[in-house]
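Protein chains: 2
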Amino acid sequence: MDWIAADWGTTHLQLWEMEADGTVLNTMLSDQGMGVLLPEDYEPTLLGLLRNRLPTDRTTPVIACGMVGARQGWIEAPYAPVPAAPPSAAIAVRPKLRDPRLAVHVLPGMSQASPADVMRGEEVRISGVLAEEPDFDGIVCLPGLHTIWAQISAGEVVSFRTFMTAELVKLLSTQSVLRLSVGQEGWDEAEFQAGLDRGLSTPAALASDAFRLRAEALLDDLPSEAARARLWGLLIGVELAAAKPYWLGQAVRIVGVEDPVKLYSAALAKQGVQATSRDWEAMTLAGLGAARRTLLERA
Amino acid sequence: MDWIAADWGTTHLQLWEMEADGTVLNTMLSDQGMGVLLPEDYEPTLLGLLRNRLPTDRTTPVIACGMVGARQGWIEAPYAPVPAAPPSAAIAVRPKLRDPRLAVHVLPGMSQASPADVMRGEEVRISGVLAEEPDFDGIVCLPGLHTIWAQISAGEVVSFRTFMTAELVKLLSTQSVLRLSVGQEGWDEAEFQAGLDRGLSTPAALASDAFRLRAEALLDDLPSEAARARLWGLLIGVELAAAKPYWLGQAVRIVGVEDPVKLYSAALAKQGVQATSRDWEAMTLAGLGAARRTLLERA
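Same order as they appear, the protein sequences are chains A and B. All the letters of the first sequence, read from the start, carry residue numbers 1 to 299 under the UniProt record's numbering. All the letters of the second sequence, read from the start, carry residue numbers 1 to 299 under the UniProt record's numbering.
What the hints contain is simulated information worked out from the structure, not anything from laboratory work. Remember, it's a predicted structure, so these values are computed and weren't measured experimentally. Using N, Cα and C, we set each Cβ at its ideal position, and we do this for glycine too.
Which stretches of chain B does chain A cover? Using the computed rule of at least three CB atoms under 8 Å from a CB of chain A, they are: (1) 154 to 163; (2) 216 to 226.
Pairs of lysine to any residue residues, derived as SDA-like cross-links and limited to a Cα-Cα distance of at most 20 Å, are as follows: (3) A:K96 x A:L54; (4) A:K170 x B:Q175; (5) A:K170 x B:L180.
With the hints as extra help, turn the sequences into a complete structure.
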């Protein structure tokens, strides 16, 4: 093992044991996210997962991104303001450790002054896209609980914009009156497409179109998978209406896990934009790997 | 006591002991809403609240509205489709009771075929507005967890439209990442007005403007009461953008409790619409009282 890649978010910690050439030796997933940890818990959490796998004859670097660097995380890694290249290890923050076998480098997130916006973790995936395509000029779209659209030019993040789209779908379908009518599984592609059209053309009607799913379930027995697909379509359609400057006539890379990437790819294709998708894990490792290289160059 | 008015919703039951002339003798509020009751629980719940206050020499009518008449309530009172006058006691549904001292009349809600929509309870408040102003021609706006806009003409509900506005505010401010930045108390009128303008002019940006509250809290120390007021402004602004046919150049009556009525009145006033407000309880009793009169006329 040459180094350790860590994606340490609010709800999860994922670790990859890496060789110098980028080969993944081992991966570990834990539910010990920032949300359940105090600052003094982070080092024991790492050591508990890595146990006796750590080399004892040298210090192994851990390159970490995500909420671990938030004010309420392990140690605050202040946001790098855009425009800027995605943060490298040169501005990572290093918590003090008791165990000499580990050296942890926490990468900062990025911020935008106006309109105010922040990200923590997505900038590493953007760095991964740039590691693959150093001359990329265009848009990186990162769907997750929140979707971030980032404008990339000359190796820098020029501007970005966050949408709470998937979190709204989740809240509406599990916590609101719609939970009685919107399923957590199943799909109806025609309803997704109808929702997309409606959201894009009439975004202001969202709070009314959402309730209509409940009314159609009561009056017309709308199936729960149809309601689910239309709700996703509505919310993504409304997002696309506002994010138009981020995709119209642009080269777009979508970085995420399988299902959301499919939804955004389909939604953009409907608008005539052929986005290229990139795997979330691969871009995370490419981005953390790029930070690992800056560390070596500085050494 | 001549009759009993009952507003039986999902989370609460409110009872009013009424004299024939509309005088309120006594009011009772209970948390025994539809959500926690099985069909066999409703009669004991009523009797438990009324105890030995019921006359024994005659049958006292109870006029009830709300989710008590839903499929999952006491007894289903099928929706009356619009266009139609608000349901009267003539089409109320009567559950069988064991106790001869009570006769319960459950009023139906109203439905709309296209776009699909439903209401249960609000139609009684509309009936109350018509009891006060029989010739009213215009819009009744009923803010609550959901806001309903109803078009009234010739004593009938012609069409209506439901928006999940307050439920979205509640979910975003208590269950989403915004809960860390949006307060449950306090107010900033300038932020409310700014949110209104933004929501009305750029409704598609909602999922992004909402996240901006979190980013401004992190980067600019946006106070939680300012975030709360702007979130309300955004959501009501987006609603007004879609509901424009329901208020532009219309006579509007707003029926609700104090705080939401103030917000909607201020939002409409900003658009040049001077809405008249009506008290929620008074309109409930006027509407249930109108149903009581149809009962007497039929007897």
